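The hints should help you fit chain B onto chain A, whose structure is shown.
Which chain is which? The protein sequence lines are A and B, in order.
The C-terminal position of the first sequence is numbered 1299 in the numbering used here, with every residue numbered one higher than the one before it.
The C-terminal position of the second sequence is numbered 483 in the numbering used here, with every residue numbered one higher than the one before it.
Hints are supplied without guarantee of correctness; some may be wrong.
Stated by the list, open to error - With a cut-off of at most 30 angstroms between alpha-carbon atoms, the simulated DSSO-like pairs for lysine-lysine come out as follows:
hint, chain 1, residue 1, chain 2, residue 2
1, A, K1122, A, K1273
2, B, K182, A, K829
3, A, K315, A, K267
4, B, K211, B, K73
5, A, K1134, A, K1273
6, A, K958, B, K436
7, A, K1036, A, K1063
8, A, K491, A, K266
9, A, K236, A, K418
10, A, K491, B, K436
11, A, K829, B, K73
12, A, K829, A, K229
These aren't lab readings, by the way, just hints derived from the structure by calculation.
Since we're looking at a predicted model, the values are computed, not measured.
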Amino acid sequence: MNDEFLTINAIMKRKILLTTFVTLLSSTILFAQLKQVKGRVTDDAGAGLDFASVLLKEKGTGVKCDSLGNFTLKVPDDGKSHDVVFSYNGFTEKKISVPANASTINVKLSKKEAASGDDIVIIGFQAIKRKDAIQTLTTIGAKDLANTPVSSAAEAIAGKAAGVQVTTSEGAPGAATTIKMRGPGSITQDASPLYVVDGIEVENALDKISPQDIQSMDFLKDASATSIYGARGANGVIIITTKSSKGNGKTVINYNGFVGFREVTKTLDVMHPLDYAKFQYEKAFPNSNSATTSSYDPTKYNLGYGGAVDSSDLGTIYKALSYDPSHTVANWNDINTIFHEPNVPFNDWQKIVFGEKPLVQSHNVGISGGNLNTSYNLSYTNNSEGGVMINSGYNRSIVSFKLDHKINDKLKVNFGVRYNDMLITGAGTSNDISTSFNRLRNSIRYKPYGPVDQFDPAYYDLTNTSGLALANPVLLARQSYKKVNTGNLNLNATISYTINKNFSFKSTFGADNTNTLTKIFNDTITPESKRYLAGMPMASMQTANRTTYNWSNVLTISGFKFKNAKHDINGIIGQEIYMDQYNMNIQESDYLPIGILPDKAFANFEQGKISVPIPASYYSKSLASFFGRANYSYDRKYFATFTFRADGSSLFAPADKSQDGSTKQWGYFPSLTFAWKASNEPFMVKFLDKAKITDLKLRATIGVAGNNRIDPYLFTPTYSSGAYYGINNALVSGYVPTAMANNALQWEQTTSRNFGLDVSLFKGKIQLVIDAYKNTTSNLLVNVPKPVSSGYPSQMQNTGTLENTGIDFQLTAAIVQHTNFKWTTNFNIAFNHNEVKNLADNLNATGFQWNSGWGSAYNDYIVKVGESLGAIYGYQLQGDGIYHTYDYTDKSFTQLKTGVPNDAGILGLKTVPQPGMVKLKWQAGDYVGKYGNDSLTSNSRTIIGHAQPKFTGGWGNQFNYKNWDISVFVNFVIGNDILNANSVEFTNALYSQANMLATMNNRWKVIGNDGVLITDSATLEQFNAGNHMYRPATTSNFFVNSKNVEDGSFLRINNLTIGYTFNDKAIKKLFARLRLYATVNNLAVITHYSGYDPEVNTSRKTPMTPGVDYSAYPKSRMYVFGVNVTF
Amino acid sequence: MRTIKYITIVTLIFIITLSTSSCKKFLNPDINASSYNDDSTLFSTVGGTYGALIGTYQNLTGDYAYGIRLSLYYTVDNDEMVGPTSTPYPDNTRRDLAHYALSSTNSELEQPFANLYQGAEQANLCIYYIQRSKLYQAGNTQMRAMLAEAYTLRAQYYFDLVKIWGDVPFSTLPHIPATNLPVYPSRTDRDTIYNQLLADLKFVEDSSLIGWRSQSNSQRISLEVVKGLRARIALYRAGYSLRSNGQMVQGSNAAYYYGIVAQECSDILANSTAGLNPSFKAVFQNNANRIFDKEMLWSVGAGESGSNNGNTNTKLGYYDGPKLNGTPTYNATAGTITVTQYGNGSIVVVPSYFYRFDSTDLRRDVTICIYNPTVYGTDTVVGTPTTKLTDGKFRRDWISPAPYTTAQYMGENWPLLRYSDILLLNQHCCAMNCI
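Isolated chain A, as found in the complex:
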């Protein structure tokens, strides 16, 4: 395996020799003349290293030091000097020649530098020394993770590795994260990387492992490393190694804990009571020429909002505003006098609903110990935190146990078990199913005043006219109960057997079982209950079980001796199977008795009407693979690696079901890598020395990896549950066709080319890794839209090509390494260019549009050749985006001048758009429609934003001054656009009596300060001179214009930590290590983005719609105080 094990093996071997054979064959020993050498092994500071190994090189005999570092070694008394090797875990091994006459020898070992070339990396079924790695990889070690007190591993790695973009979807506790390595590699399919934990493939591993349990994470980015994972390696591979015991006979107890609180960083500005009331008045202002009146005259102007029929509508507004008897409104003056604060106090609902300052706690206890034969590591982690939103929270406990046992010299077993119990409470704000159920809008749109927790039925009904139905947000949050309880059990076992010095065999088995129980209870005022269930409570329980099995067998071949010692060859061959079984059931109980409590409802499910079973789902996916790798090096200067993997997947058609009678199941994934270690080249040495270059390596790779993340059985026509029809008053269940089958489906393939450069300067003080790459994904698995006349919306096909081109930089520098003051910095930046190169033949000219699902009436994203994935599709603004009085030929605003675009069709108007309304740009290519010249249809949409960032990165700095340490970590994403869908819905005035964002205070107004409609052009323009926002649209067809697309670039001060480590002797007696620290996570975000947080991704069903901000849970800042203790 690695160096440590080799050393231990060697020592073990000698020990057995000593204890058994030595005693048995003592007569033989008597012939050898031996003398004793005594001494002590210490660290640089002179502290004894307990149980350090001392090995006599030539004989292979050795001893262990005692607990203070003292040893006694027997060496041949033959008048010659002998080489003795001293080693200690975590320290650089030292070889000392002990002179013939020496009887005492004291040795100082130095600690290994972190991230130096000596540590071990795992590159897929094989552990190698980092300095020998010729793959592109980035490693995050335990130290990097330990410095960031966070609950989830995903949070901890954000911005730390070049080319790895971590996006947290929203701020909710336990929110999903999207991880992309080197850009999105797939159009409609999941592009998340493959996780391998201790040799086992684990889905969503970052959610299941405590960050404190992680020893290291290796990010494999290019084909040289990912091809060996073939099937599922195309999106990159993250290899996670969990902590093991050092097995040095010492029991180590660790405690890491922190406690603190969170608070929301930002709320959206909404209209205050007076502005709100004024707008309601403006919207309802009687319009003498409304389109809905019988006397409607299309030639006359229609300046108002067109909603009011007569003055009685204004009366409705007065009534609505007067709901609280303390402020009766009867006219415009009343609005102006009454709605002043503090007369009508402003309720910022967001501050109430998201106003909790919940306690955040994390405790991690670890015990590790054991000896050379058997060692263990046991750890327990608990994270608990409340959500900033009412009625939400997060609690997770993880127990993990690892056992390593050596049966004999050749046979070793490892066993690991991990149990993770996670409970996420709270319905949150976003909803994947329907925009009607989103719960952010209540906090934004509910009238900005009134009792904090009273249901207002009249207001509910008033706002229900267009289906909005606003309920008190505080009450709604209390009535929305959701608990997601996830239990995850992971078992893994490894047997390694060293057959001889050339062959070793390793079999790794893993099983991962996740059970998720989702309990939802919606009480009387929730939209679910009001809309579908006559205002009676409903409860639903969903159980999902996912079990994956993974079994790999690997034969490692190495250690061959060649006549020319410069050759070195080694490799592996292996085989692996992977199975994924999924089982899901949902039950729903409707019309529960009013007043029932959530827990009672789940315990008395039958009290309601058990709803028709919602389709259950059960399927199994399997994968069988064979793989191999050959490494060759010459003189440690020239390296070559060839890998090959063949994968068979049950997701594709076997021969008898495929299109052409040949099996589509198998995919073949080769890769080839060359590297040149220039620093080992004698002719380079002089030059390198001059340039202070310690290490210089050039790498080049080409290879193929695959992706098969699609639903099962798409290759053959199938039926699945989900159909119901009422016969004789009873619902009967039936089947529906699952999808439009495609028997030609096969693997998606990513060909990646990588050219890399590793430079180490000033004896490793500065390390720079640069990689340039071009990844081409072909045969893309795309859910291609089909003409609906086929009966299906889309079909999964292999079509098109996607390309990611980019360059990654990773720089690590130990800038100052003074005894008292140390400064290390770590900087990474990655540029990626994503481009759709080709789609299906019939889509190449037009591309295809997709709706991200937040409620836009038009598809708001487009996938098009020549564009990046995530092209936002909408209308551009013409000029300042507002119709002005000079755009009309007449003073009644009934006719637009020639050349002025007419967007009446988009705004849903019967007349031409009126002054102050949004002016959209007419695009060439849009046909001249029924509205006359320059009139817009939905064809006037164009690409108005790109959600893929230009570059991403992070910069970490760590300072140590004596016992103090300070670390600052910033990460940044630059050049991406965000579709701020919140800003579309929350500035729309379709719904009466609903509040809007404060940006609408700056709107064009048509009601003057006297409460009367301004009809004179000059006065209108003058009155609105400072108003740069268009009037809110009143159409129910939400559309995106370029004002809703914002630059999402940000720089986040992600983490600031100040720590103090105690070094006093008194404390040293009690603790091996004691450190106290204080941290602020998410300290500040520098951005122009107007929404809650620019790191957002609420539409995650496909990678086609990144960067949507709709109804996301606001992000929060966390302040914690923590402690690290080692006993």
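Just chain B, lined up with the frame of chain A:
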């Protein structure tokens, strides 16, 4: 030796591994062991076939079909009733659809269109696989009846498509790998489609696949429906329609198709156990309470399914019909009385239609509702002005027990074919002198 023992263990592991992984079965898990059903296996049993048929029926109901769009949005405005007049208008959705102000971006167009095609595809799948199933070939009566239902459903889906959109792409085969249909089919002339549908239904009749109604529900198809639908389609085939060239043209060979109408109708009148309910009102009151009425030959089944209502239920009686007046609340300070109204009352009767009825015609006050009911439990109603008369066949105050005030899905079935339709179809033919 111990080493030998370990070698044996390792070898054993190898053998187990290889025997598992080399097995072809590993990569070809049995589809039918999952929640997915292989088509031919599904259609090899009566139960499976019934499930697929239920799925085919489902496309008639729910929000995108006769749950609201095809029944309420798409049927107005006409000379009897108009769609929603309330704000916001124009809205580029249902109001524009009703008031002849359609634009290509209207959001109510694509889904119903897609939904009808989904139904047609599922009917095609049923027809394709039933014909190939051993049970059917062996003459199983249930399979034969279900084939008849599938043919009839396909006829209904295409009939609706042609009725609303004119000439449309037409296929009698399902889109499965075995059929390899063109991806972008062109439009088929409506007469060709009608002819095929008429021939299909003739085949069903001639092969005696299905019998006269024996069940006491009107949600499944019987021979009456096959014949009634065939008569209706024949009448459309014979009648005038706006063709792709912009001309109103009568279908060719009209007399022949009138003959079909007459033949099918007289067949039903002579042989069916169905008949008229002497009370016109009772038909719809029964429908409101989901009581089987012998006059109802085919109605789209609305099923209550909680949060899945949008796919299975109907909004009849919520979107249309009278509004429910809540309890008036008096606001002492403002001096106002507020009455909350539930339901949309979106279909409004043209006053002249009301006056077209003879004052003694009992059907008038069933077809047209002249009041809004008040809170359930009281018998009081509030009259509506003539401009706010609503359609009255699906009124919420007939439902017993009274639904919750804010309920949107009332579970009322949408009548597709009644015995009275057969009489009218027959009468129409008489008027055309074809008998």
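Hint-by-hint comparison with the structure:
1. Annotation: proposed proximity of K1122(A) to K1273(A) holds, straight-line Cα distance about 23 angstroms (limit 30 angstroms).
2. Under the criterion of a C-alpha separation no larger than 30 angstroms, the hint pairing K182(B) with K829(A) is consistent with the structure, at around 21 angstroms.
3. Note on K315(A) and K267(A): the hinted pairing holds, with a Cα-Cα distance of about 28 angstroms set against a maximum of 30 angstroms.
4. Under the criterion of a C-alpha separation no larger than 30 angstroms, the hint pairing K211(B) with K73(B) is inconsistent with the structure, at around 50 angstroms.
5. Between the alpha carbons of K1134(A) and K1273(A) the distance comes to roughly 50 angstroms, so the proposed pair goes past 30 angstroms and is violated.
6. Taking the CA atoms of K958(A) and K436(B), the gap is about 43 angstroms. The hint is violated against a cut of 30 angstroms.
7. Proximity of K1036(A) to K1063(A) is assessed by CA-CA distance (about 44 angstroms); at most 30 angstroms being required, the pair is judged violated.
8. For the proposed pair K491(A) and K266(A), the alpha carbon gap of about 88 angstroms is over 30 angstroms, so the pair is violated.
9. As the CA atoms of K236(A) and K418(A) are separated by approximately 15 angstroms, the hinted pair is consistent with the 30 angstroms bound.
10. Only pairs whose Cα atoms come within 30 angstroms are accepted, and K491(A) paired with K436(B) is accepted, the gap being roughly 23 angstroms.
11. Between the alpha carbons of K829(A) and K73(B) the distance comes to roughly 14 angstroms, so the proposed pair stays at or under 30 angstroms and holds.
12. Note on K829(A) and K229(A): the hinted pairing is violated, with a Cα-Cα distance of about 63 angstroms set against a maximum of 30 angstroms.
Going through the hint list in order, the structure does not satisfy hints 4, 5, 6, 7, 8 and 12.
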